[in-house]
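*Asks:* Listed here are the chains, written in short residue letters.
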Amino acid sequence: MTNASVLEMNLAGGHLSAPAATQEARETILSVSGLWKVFGASEKEFNQANGTQLSDEEFAAHGWTAAVKDATFDVKQGEIFVIMGLSGSGKSTLIRSLTRLNTPTAGLLEIDGQDITHATPDKLLELRRKSLGMVFQNFALLPNRTVESNISFPLEIQGISKEDYSARAQELVDLVGLRGREDHYPAELSGGQQQRVGIARSLATNPKIWVLDEPFSALDPLIRNDLQDEVLRLQATLHKTVIFITHDLDEAMKIADRIAIMENGRIVQIGRPEELISAPADDYVKRFVSKVPLAKVTRVKHIMSSASTQDLPGPSVSANDTIAEIGPLIIDAGTDIPVTEDGKIVGVLAKERAIRVLAGARD
Amino acid sequence: MIKAMRFAMHTPWLVFVLLVLVLFAISSNSVSLFGTNLRSIPEFMILPLSDWAGNALNWFAREASIGSLTVQTITRNFAELVNWPITALNMLLADGIVTGAGFNKHQLMPPLSWLGLSSALVLYSYFLGGRRLAWLSAIGTAYLVFFGLWQHAMTTLASVIMCVIVAAGLGLFIGIASYRAEKVEIASRVVMNVMQTVPIFSYLVPTLLLFGYGPSAALLATVLYALPPMVHATVLALKSVPTEIREYGEIAGSTKRQLLWKVELPAALPMLTVGLNQVVMMSLNMVIIASMIGAGGLGYDVLRALRRLDIGGGLEAGMGIVVLAVILDRITQAAARRQSAGLNHEVRSPRPWLYLLIIFGATGASFLLPALQFWPEKMMLSTAPFWNESISFINQHFFDQMEALRNFSLLHIMNPFRDFLVELPFVLVLLTLGGIAYVLSGIRLAAIVMGMTAFIAVSGFWEAAMISVYLTACSVVIAVLIGFPFGVYIASSPRLLKPASLLLDTLQTLPTFIYLLPAVMLFRNGDFSALIAIACYAIAPAIRYTIHGLRSVPESRIEAAIMAGCTPTQVFRHVKIPSAYPTLLLGLNQTIMMALSMLVIAALVGTRDLGQEVYIALTRAETGNGIIAGLGIAAIALISDSLLKAWAAKKQHQLGVKP
Ligand SMILES: Nc1ncnc2c1ncn2[C@@H]1O[C@H](COP(=O)(O)OP(=O)(O)O)[C@@H](O)[C@H]1O
Ligand SMILES: [Mg+2]
Numbered sequence: 005m006t007n008a009s010v011l012e013m014n015l016a017g018g019h020l021s022a023p024a025a026t027q028e029a030r031e032t033i034l035s036v037s038g039l040w041k042v043f044g045a046s047e048k049e050f051n052q053a054n055g056t057q058l059s060d061e062e063f064a065a066h067g068w069t070a071a072v073k074d075a076t077f078d079v080k081q082g083e084i085f086v087i088m089g090l091s092g093s094g095k096s097t098l099i100r101s102l103t104r105l106n107t108p109t110a111g112l113l114e115i116d117g118q119d120i121t122h123a124t125p126d127k128l129l130e131l132r133r134k135s136l137g138m139v140f141q142n143f144a145l146l147p148n149r150t151v152e153s154n155i156s157f158p159l160e161i162q163g164i165s166k167e168d169y170s171a172r173a174q175e176l177v178d179l180v181g182l183r184g185r186e187d188h189y190p191a192e193l194s195g196g197q198q199q200r201v202g203i204a205r206s207l208a209t210n211p212k213i214w215v216l217d218e219p220f221s222a223l224d225p226l227i228r229n230d231l232q233d234e235v236l237r238l239q240a241t242l243h244k245t246v247i248f249i250t251h252d253l254d255e256a257m258k259i260a261d262r263i264a265i266m267e268n269g270r271i272v273q274i275g276r277p278e279e280l281i282s283a284p285a286d287d288y289v290k291r292f293v294s295k296v297p298l299a300k301v302t303r304v305k306h307i308m309s310s311a312s313t314q315d316l317p318g319p320s321v322s323a324n325d326t327i328a329e330i331g332p333l334i335i336d337a338g339t340d341i342p343v344t345e346d347g348k349i350v351g352v353l354a355k356e357r358a359i360r361v362l363a364g365a366r367d
Numbered sequence: 112m113i114k115a116m117r118f119a120m121h122t123p124w125l126v127f128v129l130l131v132l133v134l135f136a137i138s139s140n141s142v143s144l145f146g147t148n149l150r151s152i153p154e155f156m157i158l159p160l161s162d163w164a165g166n167a168l169n170w171f172a173r174e175a176s177i178g179s180l181t182v183q184t185i186t187r188n189f190a191e192l193v194n195w196p197i198t199a200l201n202m203l204l205a206d207g208i209v210t211g212a213g214f215n216k217h218q219l220m221p222p223l224s225w226l227g228l229s230s231a232l233v234l235y236s237y238f239l240g241g242r243r244l245a246w247l248s249a250i251g252t253a254y255l256v257f258f259g260l261w262q263h264a265m266t267t268l269a270s271v272i273m274c275v276i277v278a279a280g281l282g283l284f285i286g287i288a289s290y291r292a293e294k295v296e297i298a299s300r301v302v303m304n305v306m307q308t309v310p311i312f313s314y315l316v317p318t319l320l321l322f323g324y325g326p327s328a329a330l331l332a333t334v335l336y337a338l339p340p341m342v343h344a345t346v347l348a349l350k351s352v353p354t355e356i357r358e359y360g361e362i363a364g365s366t367k368r369q370l371l372w373k374v375e376l377p378a379a380l381p382m383l384t385v386g387l388n389q390v391v392m393m394s395l396n397m398v399i400i401a402s403m404i405g406a407g408g409l410g411y412d413v414l415r416a417l418r419r420l421d422i423g424g425g426l427e428a429g430m431g432i433v434v435l436a437v438i439l440d441r442i443t444q445a446a447a448r449r450q451s452a453g454l455n456h457e458v459r460s461p462r463p464w465l466y467l468l469i470i471f472g473a474t475g476a477s478f479l480l481p482a483l484q485f486w487p488e489k490m491m492l493s494t495a496p497f498w499n500e501s502i503s504f505i506n507q508h509f510f511d512q513m514e515a516l517r518n519f520s521l522l523h524i525m526n527p528f529r530d531f532l533v534e535l536p537f538v539l540v541l542l543t544l545g546g547i548a549y550v551l552s553g554i555r556l557a558a559i560v561m562g563m564t565a566f567i568a569v570s571g572f573w574e575a576a577m578i579s580v581y582l583t584a585c586s587v588v589i590a591v592l593i594g595f596p597f598g599v600y601i602a603s604s605p606r607l608l609k610p611a612s613l614l615l616d617t618l619q620t621l622p623t624f625i626y627l628l629p630a631v632m633l634f635r636n637g638d639f640s641a642l643i644a645i646a647c648y649a650i651a652p653a654i655r656y657t658i659h660g661l662r663s664v665p666e667s668r669i670e671a672a673i674m675a676g677c678t679p680t681q682v683f684r685h686v687k688i689p690s691a692y693p694t695l696l697l698g699l700n701q702t703i704m705m706a707l708s709m710l711v712i713a714a715l716v717g718t719r720d721l722g723q724e725v726y727i728a729l730t731r732a733e734t735g736n737g738i739i740a741g742l743g744i745a746a747i748a749l750i751s752d753s754l755l756k757a758w759a760a761k762k763q764h765q766l767g768v769k770p
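Line order of the protein sequences matches chains A and B.
Residue numbering for the first sequence follows our numbering, beginning at 5 and increasing consecutively.
Residue numbering for the second sequence follows our numbering, beginning at 112 and increasing consecutively.
One or more of the hints may lead you astray.
[What the hints assert, rightly or not] Below, simulated BS3-like cross-link-like pairs (lysine-lysine); rule was C-alpha separation at most 30 Å, straight line:
1) K373/B x K212/A
2) K373/B x K300/A
3) K48/A x K373/B
[Claimed, not checked] Have a look at the derived ranges for each label pair, beta carbon to beta carbon:
4) S194/A x A482/B: 50 to 56 Å
5) I177/B x K166/A: 46 to 52 Å
6) R291/A x L766/B: 38 to 44 Å
7) D252/A x K294/B: 39 to 45 Å
Please keep in mind that the hints were generated in silico from the structure rather than gathered at the bench.
All figures in this text were calculated on a predicted structure; none of them were measured in a lab.
Ideal Cβ placement from N, Cα and C applies to all residues, glycine included.
So that you can see chain A by itself, here it is in the shape it has in the complex (with noise of 0.2 Å):
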């Protein structure tokens, strides 16, 4: 089976498995359309110059740079949204035109329904100590202030009684994991350590979007993985809406519910991860994915067919499950295996289909 049959297969079928229901009817709280930041014009030169029809060539004539070129996306309640690019491909700056720490020079955007390309300075102040949180590649800990007054900090500011930040500062101590290391210095701590902190300070006010920079690319691979676990534990508890910017695939295909792609400042495709390897926009996607293994982003729900009503023997496998994840199962199979959630039989795997996914069989 090739991959678009694989996808055609999962859409065929007419079975969209309950996550993926629930997130259709979830709504929109970050919308974007026809961002564009070009450093070195305002918007003023930006329109005279037609800039939304110049070629980079062009815009190196006129002594620009176009980091984020065209920039349209919805991201949903709820969702993990991750942003991934080679370096210098405009992640932050794209992250820094939602957070408006710089002002796009065309587009729109708006959260929660509410134009913010063109917020007052009140309002902005108003977002960010509501609504937004912020997670740091360097960590951008306040080198003066122990880890305790670091995470109570966006409160301290806000003029929030001391008896409550510190209260609320406790509470996420608890929640990184940093107990006893209350009082310590962000020189005193370790690079993961400094991250969890990191993490705690940009929840303290309970935003509705969190947004995360490359957070973990300057940390090592397993301090690396044991935050990733972190981040989707939080999620899966505290349910906020997450946008994450990685340079690395794995992390990407690993945490994220949609990626979009960025090159050279062009969002090139936006997808969920298997979308992204069973049916990659162009080349640059396709050699950007080429080495992730199939069975490692593909779900037991995406090629499973219709529950049939008989009793099938042997374990079952749940929807949810990735196909690597499963693999020994499978092989062990005799036969098809039952798809379970919540206890009741949803669908079937075919065996052969899925030691298909195993093998990495694709075009």
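Go by the hints and put chain B with the ligands onto chain A.
*Replies:* Same frame as chain A, now just chain B with the ligands:
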């Protein structure tokens, strides 16, 4: 073929040398042009710049008025006002509260006890820098107490504290404004750059006119002098706060003010502390010099000793200044190091009340035990006799040799060189400098350099300026002749690196005044003493840059040369020196700058250069002369600075290295 190419490469220089020779021939044959001799500057070209500047300032001070008050009235009243906190601090630290004078002097309140202050200092040193710093503070303060220098040291310290508070506060303010608005930054940078090249004394002249003789004029001059490094450090420190930290501050929802005070400034603190160290050291230097316009304290002791040729007393007070300088420097440095090493939750500074308890406890006890107020004179030690003995010993036994050295240098090297410079035709100097600038950089630099040379000429200080050049050149030659080999030696023996840099640091923290003492003691007043003092002061950068230049030659390049079969001498000549060339040039530049900044101080031992003009202007309150002569020194500094920097840049470009 190759020869032709070589020749072509050197063409500009050849043309240039030819031109100079022709000019020299013309001017020395007293060919006249427009009825004037090219050798000297025609009368009509000399403008009464000093009068203009003097009149303008006098007018500004005496006639210009805001409302019904003249500027001088306002400034003098301001000086009165500023005097208050200085006096208060002085009472607290040095004198206590006293009524009456002479025999009727009656003390109402003692000053803070030396025991309390020094114990608190030792405790703080221990917290900042451990046992070593604590010992340094203990020995240093003990020296001040037992040699009877404590009271004057506290007067000096009181001035330094006041100056640092004002300069740091003002510098922080201007620095923040510059950081926030680019236009302010450009303006302040231009002003600060000029302020840093104008010699120290020139600050004293206008402040004296506006604020009168006394501690507050000294304070204001000092603040002006110490301001540029604080502004510079503030801008630099704020700019070097990582972007992410600033962005975090914004994302967390800080207002502009919160961002500055709660995020940026705390994050910039380590670098700000480094700036503070500079401000403290510069303030001390200036406070010592400002004793000439009534700042009192240890500087005044040295000055008085210099005037009376009381070598022993001068050295003793001078050592007091050294002690003060070293303690202040090491403590502020330790504070900066502590900041940048990152805070640690286990190290807590002792509580403020502990310090207060120690200080006031000892002061309370001093009511019962007066020796805790002022160390009794009977029990004071003095090294003055020892120093006097040693000097007279040296003079008795080595007088002939030293005198021979002095006379030989003066008669056969220095004086002829001076006469040669003074008699150089003005036009020749102008065109030579312009030509060099043109070859090194281009028409722009040539215009700037020639403009400044012309300024010196029309100011009427040409001869004094040439004498300044002669003094500077001689001193720099000595500094380089000693400093360069020394630097080479240290660079090649890693073991010496640390002690040498400690020594150099210490040399550079000493107030400029100090350098005069040994020179005068051994060689009496005159150019030779000035030469020695200036050379001693300027030697530190010569050594430092030599070490730095040689040590930063890439290891791989040296290894490649060794593998190619170079002997150590060849490696030195063909690899190390060429690589280090730009750095060495910058070191030369720095040496010249230091020498120039020392010129006015050296005027105290009787020179005849621009420095002396400034000094005389200061003693006679001739504002115009003081300012123009000061600007003359600044012009010389700027000319040599821009030429050497252009040369270094050219070399760097040829070598393809970044500065
Ligand atoms: N402040 C700026 N001024 C000019 N160019 C910038 C600025 N910030 C980023 N860029 C340029 O924009 C491009 C995208 O940078 P960035 O968004 O940081 O990439 P990424 O985060 O994907 O590594 C780069 O070419 C970078 O040089
Ligand atoms: Mg980035």
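*Asks:* Going back to the hint list, which numbers does this structure go against?
*Replies:* 2, 3
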